[in-house]
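Visitor: Protein chains in written order, with the numbering used here: chain E, 5 to 236; chain P, 8 to 855.
Treat each hint with caution, since some may be false.
Have a look at the derived ranges for each label pair, beta carbon to beta carbon [as the list claims (entries may be wrong)]:
#1 E:V141 to P:L30: 15 to 23 Å
#2 E:G24 to P:A454: 43 to 51 Å
#3 E:V141 to P:H54: 48 to 56 Å
The set of hints was computed from the structure by calculation and includes no laboratory data. Backbone N, C-alpha and C define an ideal beta-carbon position, used for all residues, glycine too.
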Amino acid sequence: MRAVTKTIDSGARRVEILRGIDLDVAAGEYVAIMGPSGSGKSTLLGLIAGLDSPTSGSIVLDGDEITRLSEDRLAGLRGRKVGFVFQSYQLIPTLTAEENVLLPAELAGENGRGAAERARALLDKVGLADRAAHYPVQLSGGEQQRVALARAFMRKPPVLLADEPTGNLDSASGRQVLDLLLALNRSEGATLVLVTHDRDLAGCASRIVMLKDGRIVSDERNEGPAPQDSGR
Amino acid sequence: MTPHSIAWRMAWREARASAPKFLFVIFGVAAGVGALTGVRGFSAAFHGVLKREARTLMAADLTVRQFSEPTPEQLAKLEPWSQRGVRFTRITETVSMMGAGESGPPVLVSLKAVDPRVYPFYGRVTLDPARPLAEALTADSIAVSDDLAVRLNLAPGSRVRLGSADFTVCGIVMLEPDRMTGSLNIGPRVLITRAGLDRTGLMTFGSRASDRLLFKLPPAGVDVVRMRDALRNIFPQAQVADYREGNPFLSRSLEHSTTFLSLVSLIALIVGALGVATAIHSHLQQRLDTIAILKCLGARSGQIMRIYTLQTMLLGLAGGVAGVALGAGVQKLFPLLLSNYFQLGGVPWSSAFALEGIATGVLVTLLFTIPPLVAIRRVKPALIFRRDMAERKPARAERMRRLLPAAATGAVIFCGIAGVAAWLADSPRMGAYFVGGLAAAFVVLAAVAWLLLRGLRLLLRWSPVRLPVVLRHGMANIYRPGHHATSVLVALGIGVMFTLTIYLLQSSVLAEAESAAPPGSPNVFLINITPDESAAVGQFLDSQKNLQSKARLAPLVSARLISIDGRPAGRFERRGAHDDHGPHARSVTWLDAKPADIQVLRGAWWSANESAPVVSISERAAQTWGIRPGATLRWQALGREFDARVVAVHRAASLRMGSDEDFIFDRAALAGFPAQWFGTVRMPPKSVPAFQREAFRRFPTVTVINVADVLEIAQGVVDQVALVVRFISLFAILAGAIILASTVAGTRLRRAREAAVLKTLGARRATLVAIFSVEFAILGGVAGLMGGGLATVFSRLLLTRLLDASFNFEFLPNLAAILLTMSLAVAAGWLASLRILRRRPLEILRDE
């Protein structure tokens with residue numbers, strides 16, 4: 005990311021969410037992005053994924069300049085290169101757990117049998133093989149997030165982005181999800197960028213980037229416990 | 008798995024999950040499809056009946072129809088055909104007065120004289136009590152229709168007077184196979200034998216009657232086409248038809264009616280489709296998260312659009328299937344609505360029209376959901392993070408650019424509708440007119456809706472008086488975010504506009520007919536007065552004490568126009584659709600002085616001492632034939648030819664019956680020709696029944712026609728037509744009400760939350776009821792007002808520009824439209840909101 009800014013209008017006022025962000029993330033790195041509420045963490049993640057476009061600046065994702073791509077091309081790129089885990093799971097309510105996991109592959113038109121086997125294998129890895137036919141409304145929050153994890157890894161994306169993946173979970177479920185996320189990341193091999201205000205989560209990262217008021221205020225290799233933040 | 012299968016799966020499951028919300032939408036589409044399939048299915052079935060039952064409807068293989076008796080020479084030419092096995096019989100139809108004792112005034116009836124031994128060649132006349140016609144109908148007896156029996160309190164065995172003879176009623180006519188194809192059907196039916204008709208003394212030279220010859224061909228040996236051609240040669244002035252053509256007049260009328268009613272049904276369908284578009288829009292608003300997630304996961308806009316397009320198709324299909332079932336019921340109702348004029352047995356159901364209706368329903372639904380579906384492209388995935396924050400408002404140029412797709416989709420929709428209308432009407436021009444009118448109505452309604460919403464907002468903000476809380480909340484509900492007030496107003500307004508336009512046209516046309524006669528013009532006509540009776544009838548009229556203007560007696564002579572300025576009349580190009588100016592015998596009259604109700608437009612009326620025969624022609628005849636003053640017309644009457652010079656073109660200000668006002672001669676021109684006479688009088692309407700009774704007693708062969716009776720018959724026909732049209736247009740209103748209910752259902756969650764919060768803050772159930780009722784009543788009232796306004800404008804345009812009639816604003820129908828639409832809107836809105844009131848506040852808030 006080079007000189008990336010993001011400004012929006014909220015009602016009558018103009019809000020600068022990100023101001024002049026310069027950030028490089030190497031392949032295979034695990035980067036935690038921390039900062040107080042409203043610092044622009046989620047927006048930063050969304051820009052990396054091409055879910056939104058910056059007001060100015062440029063973003064290169066796995067070799068592709070994404071800033072001026074059309075929405076459909078961005079969608080295709082996301083399908084190939086990005087796995088996303090949301091804070092509130094964001095499963096499709098009318099699809100079963102297995103179907104939710106399969107969705108990225110189906111959208112890309114991939115062959116059914118191989119994809120179905122991979123989906124079942126991923127559900128097995130997250131411990132939900134016996135809940136494959138259940139709908140999201142029949143699953144607990146932790147179980148839904150595990151399904152979302154499996155879905156994020158379905159197409160073996162080179163980049164995995166997670167926005168407060170344990171934010172809506174109790175500590176036990178959150179721990180379980182985090183362990184699964186890191187285990188999957190190690191086994192699948194991906195660049196992981198994780199937004200969190202959880203110090204424990206950030207403590208596992210190889211690098212911690214601190215955001216405040218839309219700017220990067222620190223970007224350090226993680227040698228020890230995560231720095232303090234004002235939290236949400 | 009293919010992208011198509013996931014689209015189907017998601018489309019189906021979402022539709023199933025949202026079934027209660029979509030139920031209203033399905034009903035809305037069903038209303039339109041039901042009307043359309045009902046109309047077109049009935050029409051096709053009716054056509055099928057006309058074709059299949061052609062021989063029965065004609066009671067023959069061929070018919071010859073003319074307004075004069077067949078001559079002995081013509082009958083002689085039929086002899087060779089008889090020898091080849093062709094059978095024929097003659098039917099004479101006329102109108103007359105029939106009296107049943109002293110109990111009441113005589114009634115104008117349609118007489119049909121038949122030979123019961125052979126008539127009908129196909130089908131059966133059914134009498135009650137059941138008896139063969141040949142046995143029941145004799146020279147002394149008649150059969151009457153059931154409405155005449157009721158009117159004159161007749162039963163088998165009753166005695167009646169027709170002309171100068173008495174008859175016994177032998178039975179009630181329950182079924183007459185060729186009733187639809189008869190002539191002079193302006194009164195209840197009386198069947199009589201030819202001998203009986205002779206006894207009445209009604210048929211004298213020049214009497215008004217229609218003759219029909221029915222022909223039955225042998226099983227083999229005579230080709231129907233050759234027979235038809237031969238008959239056209241033998242009867243050059245007559246209309247000759249064979250069973251293969253069905254009944255051209257009926258077929259044409261049926262086609263026109265079908266086109267008109269199909270377009271009305273299309274309006275209902277469009278209103279229903281508008282409901283689908285509104286529901287899909289709401290549905291997509293509630294699915295924004297799902298759409299955003301799909302885009303996050305790599306779905307392209309096209310893939311997402313496929314899901315919701317499939318969903319729309321499922322809705323259209325469900326509505327179409329339900330509509331077809333409804334249409335089957337509509338099809339069964341039509342014969343009942345038309346039973347006074349057509350006796351139809353069962354009308355079979357056609358699967359072809361069912362499929363056509365379903366396809367039309369799906370197509371129109373898809374057309375109207377293009378805008379919300381295309382809007383999927385604009386959903387940004389970042390919505391997941393930032394729903395409530397808006398992007399910077401785009402520059403004007405950008406905003407205009409974003410309107411282009413909306414304008415393009417609007418154009419596609421209207422072109423699609425024009426195509427469907429053109430296909431239904433079998434006319435591209437009609438399709439263009441239809442969509443043009445509809446677009447104008449939509450634009451006006453949408454503009455007024457926009458004004459209403461702005462007005463409400465300003466009123467609530469700037470009102471100097473603090474309005475009651477019920478009114479404030481009710482009004483605010485109308486323009487809350489996510490409202491669909493515009494769609495509801497347009498949909499309801501279209502339905503009201505159409506129904507009220509039909510009503511206003513109907514009442515204005517009838518009022519115009521009633522007031523067409525300027526003050527002093529006749530309201531009673533006497534026809535079929537023989538030359539021998541003319542003097543006595545003249546004295547009888549002069550002796551009447553309560554006449555409001557001088558009675559008039561005028562002669563009628565039967566003559567045929569042969570040439571105009573030396574050119575044969577048959578070679579003239581006749582302008583105008585309703586051609587009755589062919590070279591056949593017609594009744595013409597003579598006058599001495601110009602009467603007050605005749606206005607000379609060109610030329611001058613003749614003086615008393617014209618040296619040669621002269622004639623004045625009507626404006627209509629002058630236009631049709633292209634005749635000017637100075638032209639010479641050659642005529643033939645009773646084998647003698649004579650010329651008459653055109654001296655004037657006139658216009659008759661009042662209704663003239665029994666005479667042909669197209670050609671009025673001076674006395675000398677028609678001297679020596681035998682004439683029938685007709686009379687006109689004007690008297691107080693209350694005096695007419697007594698006058699009819701006395702005239703019938705003294706001159707039983709003279710037909711006395713009360714204009715009020717004729718208008719009543721005309722009113723009956725217009726009422727029947729209007730009933731059918733209003734029945735179909737009610738589907739449009741129904742669809743509008745369904746949209747209202749659907750919109751209310753779509754915002755149920757928001758209403759429930761609002762109700763829960765208000766209850767928590769102390770609002771009682773009655774207050775909530777009042778708030779919602781205010782909202783529905785305003786929507787319904789404004790729709791009624793807008794629809795009424797548009798109906799007034801359209802009916803004014805149609806009356807003054809197309810129908811050449813005058814327009815008067817009618818307050819009461821407009822008020823009724825507002826009140827009824829308001830009631831309908833409140834009922835529909837409550838139907839969709841009932842559950843909200845029953846739930847406890849915590850139940851709702853806990854679900855949040």
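Visitor: Work down the list of hints and note, for each, if the structure agrees.
Guide: For each hint, the structure was consulted:
Distance hint check: the CB atoms of V141 (chain E) and L30 (chain P) are about 22 Å apart, consistent with the given range 15 to 23 Å. Under the hint 43 to 51 Å, the C-beta atoms of G24 (chain E) and A454 (chain P), about 48 Å apart, fit the expected range. Between V141 (chain E) and H54 (chain P) the C-beta distance comes to about 54 Å, which sits within the given range of 48 to 56 Å.
Every hint, counting from the list given before, is met by this structure.
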